[in-house]
Amino acid sequence: MRLMEIINNVRPYIKTEGQKMLNNFLRETGTTDDPFKGWTAWSTLRAETVDKGLRAPGVDTDFQLVFFPDGDRFLGIAFTEHHRWFRHWLRQTAVSEYRYWNSADKPSSVSRKEWERRAEAWDRVLGMEPPSTRGFVIDLHEIGGPFPQHKADQKRKQKGAS
100 MRLMEIINNV
110 RPYIKTEGQK
120 MLNNFLRETG
130 TTDDPFKGWT
140 AWSTLRAETV
150 DKGLRAPGVD
160 TDFQLVFFPD
170 GDRFLGIAFT
180 EHHRWFRHWL
190 RQTAVSEYRY
200 WNSADKPSSV
210 SRKEWERRAE
220 AWDRVLGMEP
230 PSTRGFVIDL
240 HEIGGPFPQH
250 KADQKRKQKG
260 AS
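Just so you know, this note's numbering puts 115 at position 16 of the sequence shown, and the rest follows in order with no gaps.
In case anyone wonders, no lab produced these hints; they're calculated from the structure. Where hints are given, some of them may not hold.
Derived pair list, reagent style DSS-like, types lysine-lysine, alpha-carbon separation capped at 30 Å [as the list claims (entries may be wrong)]: (1) 151 to 119; (2) 151 to 114; (3) 114 to 136; (4) 151 to 136; (5) 136 to 119.
Model the full assembly from the supplied sequences, consistent with the hints where possible.
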């Protein structure tokens, strides 16, 4: 399976999970009857966390992958606040965890030789530069979204599910 096929298989999951987060936010803020007001508050909160460099998993629906070509494979780094989303990514065909840190001890489940291979691979693809300058970036999340659903859309989806 090619890389973009795998990515496109994951996008609907990320979009659905992001929509659930927004819908929950609208319920918790009592703005389900005025979703634009709730979405405006959501967007403002998201912008403030980005501007200040804060972490706010409750409103952070971003999921970004950076890929680095390495011979006949790609190495990648995932950026998301949601461990469950990352685990979903790892369950995809041809995707496996290949982590390495030069500032930490190797996991006991990885041999010393394998850890050294990983170090060489990551040094080769990353060098000393930021990941975004060495690889290509793909956003799995809905840019600017999620967005409030119109009541007619919600009813149509409910009918389709029953």
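Each hint tested on the structure:
no.: 1; hint: 151 to 119; result: 25 Å, holds
no.: 2; hint: 151 to 114; result: 25 Å, holds
no.: 3; hint: 114 to 136; result: 21 Å, holds
no.: 4; hint: 151 to 136; result: 23 Å, holds
no.: 5; hint: 136 to 119; result: 17 Å, holds
Violated hints for the displayed structure: none, as all numbered hints are satisfied.
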